[in-house]
Every structure is written in structure tokens, then in C-alpha cells.
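Undergrad: Sequence:
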Amino acid sequence: MFSNVIVTGSIAFDEIMDFPGSFGDYIMPDKIHKLNVSFVVDTLEKQIGGTGTNIAYSINLFEKNKVLLASAIGSDGQIFIDWMNTQGMSTKLIYIDRKLFTATGKAITDKDDNQIWGFYYGACISGKNIDLSKKLNKTTLLVISANHPDAFLNFQSQAIKQRIEYIYDPGMSLTWIKKDDLREGVLNSRWFVGNDYEVERISEIIGFSASQLADKGIHVITTLGHKGVRYQHKDEHVYLPAVHGIKIVDPTGAGDAWRGGFIAGLLRNMSIKESLAMGNAVASFAVERYGTVNHKPTLIQVERRMKEILRG
1 MFSNVIVTGS
11 IAFDEIMDFP
21 GSFGDYIMPD
31 KIHKLNVSFV
41 VDTLEKQIGG
51 TGTNIAYSIN
61 LFEKNKVLLA
71 SAIGSDGQIF
81 IDWMNTQGMS
91 TKLIYIDRKL
101 FTATGKAITD
111 KDDNQIWGFY
121 YGACISGKNI
131 DLSKKLNKTT
141 LLVISANHPD
151 AFLNFQSQAI
161 KQRIEYIYDP
171 GMSLTWIKKD
181 DLREGVLNSR
191 WFVGNDYEVE
201 RISEIIGFSA
211 SQLADKGIHV
221 ITTLGHKGVR
231 YQHKDEHVYL
241 PAVHGIKIVD
251 PTGAGDAWRG
261 GFIAGLLRNM
271 SIKESLAMGN
281 AVASFAVERY
291 GTVNHKPTLI
301 QVERRMKEIL
311 RG
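Each residue of the sequence shown is one higher than the last, beginning at 1 in UniProt numbering.
Hints listed in this document are in silico derivations from the structure and should not be mistaken for laboratory results.
The hints are all genuine.
Taking lysine-lysine and the DSS-like style, the derived pairs with C-alpha atoms no more than 25 Å apart in a straight line are:
(1) 106 - 296
(2) 247 - 296
(3) 92 - 134
(4) 234 - 273
(5) 46 - 106
(6) 134 - 161
Computed Cβ-Cβ distance ranges for the label pairs, DEER-style:
(7) 184 - 116: 27 to 33 Å
(8) 32 - 290: 29 to 35 Å
(9) 269 - 114: 36 to 42 Å
(10) 165 - 209: 20 to 26 Å
(11) 33 - 101: 31 to 37 Å
(12) 298 - 183: 39 to 45 Å
(13) 117 - 212: 29 to 35 Å
(14) 33 - 298: 48 to 54 Å
(15) 75 - 234: 47 to 53 Å
(16) 237 - 165: 19 to 25 Å
(17) 134 - 247: 42 to 48 Å
Cβ coordinates follow ideal geometry from the N, Cα and C atoms, glycine included.
The task is simple: from the sequences and hints, build the whole structure.
TA: What follows is the structure, encoded as C-alpha cells:
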């Protein structure tokens with residue numbers, strides 16, 4: 001179906017901290033309008049990350065030489081170039097902004113796997129300067145995921161103008177994206193992906209429910225965390241459970257790993273159901289490791305968990 005994939009999204013340093021308690025015990029709902037709270041954490045890990053990085057990494061585990069990451073790094077970003085080279089990932093579409101620092105995300109995770117994030121876009125803004133026209137063709141799948149607004153809309157515009165099929169993953173852009181841009185992005189996508197909160201919120205904003213979008217021919221995928229994944233397309237409805245009986249070490253980046261696994265399945269010409277199962281399987285390996293690009297399951301290991309998922 002697709003010969004290659006271009007992943008657009010942030011490249012970032014991730015700083016991940018673990019809080020041993022529950023956020024809910026320290027946040028008073030009736031005082032949320034003047035919130036001032038500090039969490040003392042047990043651990044701090046600094047990792048390579050970013051939505052684009054994470055998705056591309058998981059695809060590349062199984063489909064080397066078929067993925068291009070289109071994003072921007074800053075003056076401190078050479079570590080990403082070196083890392084991509086060690087992974088056998090192309091750097092042809094990486095823009096280097098010498099004036100800004102590389103994007104940085106800081107997350108605190110509580111014992112219930114709830115997370116609070118802060119994110120600095122930094123050099124991601126320079127994604128607006130990346131031209132994909134010479135790399136896109138009718139057998140290219142494009143992924144549009146969380147990024148600086150200028151970069152995100154640049155890639156969205158290019159995809160729509162060139163009529164390229166794309167996976168639209170705008171969930172982390174909801175704090176800034178305008179209604180008309182969001183509606184245009186969703187309605188022109190082939191796949192629309194988000195977690196249950198994101199899909200419901202986006203549906204409210206654009207005025208189309210998930211079922212209505214599916215009736216229009218859009219493949220709507222709702223990730224459900226530890227409950228699995230739901231897929232809707234016209235009259236087809238699929239639900240697949242998550243992998244159970246695993247030890248969750250760090251949920252950060254699980255959604256990105258899911259997307260990478262799903263896309264790898266598409267590139268391997270798997271059925272939709274099999275691709276969904278591959279997404280669930282790869283995500284299950286990701287949460288067993290600290291960080292977002294440290295899981296390295298073999299295809300055989302992934303296929304074993306896929307069989308478990310498909311058996312229900």
C-alpha cells in the first residue's frame with residue numbers, strides 16, 4: 001500500500017520525573033483557579049524524545065530505510081544527529097536552527113500514571129522551513145503529529161495541497177490550533193488518531209462525532225490506554241484489548257510507540273486489524289522501559305503479543 005513514510009513532529013529532550021504519590025491528593029478542585037503546588041520527585045531521567053522522534057523510532061525498529069523524520073533541532077541538537085545515525089535513520093529532512101535550543105519537554109508522572117507536562121518548542125518553529133514536495137509521492141504516507149504551530153500547519157498545508165494521504169494526530173495541539181484549521185486537518189485526513197479524551201474534545205470543536213467522521217470515510221482510531229484501542233470506518237468497528245500481565249515502568253511515549261507500531265504494520269501490508277494489534281504490542285514493550293526510545297523488541301516478540309491480542 002505504502003512504500004515509505006514521512007513522520008513530522010517534534011524532536012525534543014525529555015526530562016522525566018517520578019512522583020511517588022497521587023496528584024489528586026495535593027490538588028484541591030475548588031482552588032484550581034489559583035494553583036500553586038510543588039511535587040518532590042524520586043527520580044529524574046534525561047532522554048532523547050519528542051513526538052516525531054518517538055514515532056519514527058518505533059517504525060524504524062521494523063521497517064528500516066522506509067522512514068524519514070522531518071523536524072528541526074537547535075544549536076545543542078548534534079546528539080540527535082549522532083543518535084539517528086546509530087539507529088540507521090536518515091537525517092535528510094532535519095533542519096538545524098543555530099539560534100535556538102532544541103525543544104525540551106518536562107514531565108512528572110504520579111503513581112497512578114497521571115502526567116503533568118511542560119513543553120518548550122524552541123527550534124521546532126523552524127519546521128516551517130521544511131519543504132516536503134520533493135520527497136512526497138502517491139505511495140508516501142505522511143504523519144502529522146504534535147509540533148510548533150507554524151511547523152504543524154506547514155505540513156498540514158503541504159499534505160492537503162498535494163493530496164497526500166496522511167495520519168492526523170493533533171491531540172497535543174489543542175491548546176493553540178484554530179477551529180477552522182483543526183476541522184480542515186481532520187476532514188482531509190485518511191486516518192485520525194487520538195486518545196479517548198482527545199477524540200471527544202476534537203469532535204466537540206469541529207462539530208462531527210467519531211461515528212460521523214467514520215461515515216465520511218475517515219479511519220478513526222481511539223487509543224484507550226490500558227484498555228486497548230477502538231477503530232471505526234464506515235460500517236466497520238473493531239475493538240482490540242491491550243496486552244495484560246506486564247509491568248508498567250514508564251507510560252511516557254506509549255501513544256507514540258503505538259502509532260509507530262501501527263504504521264509499521266501498514267508498511268508491512270498487514271490488515272487494519274493486524275496493524276492495530278501491532279500498535280498495541282509495540283506500546284506494551286515501550287511501557288516496560290524507562291524513556292520513549294529504549295524499547296527494542298524483535299519482530300518475533302511483537303508477533304507473539306499480537307497473537308495474544310487478536311485472540312482477545
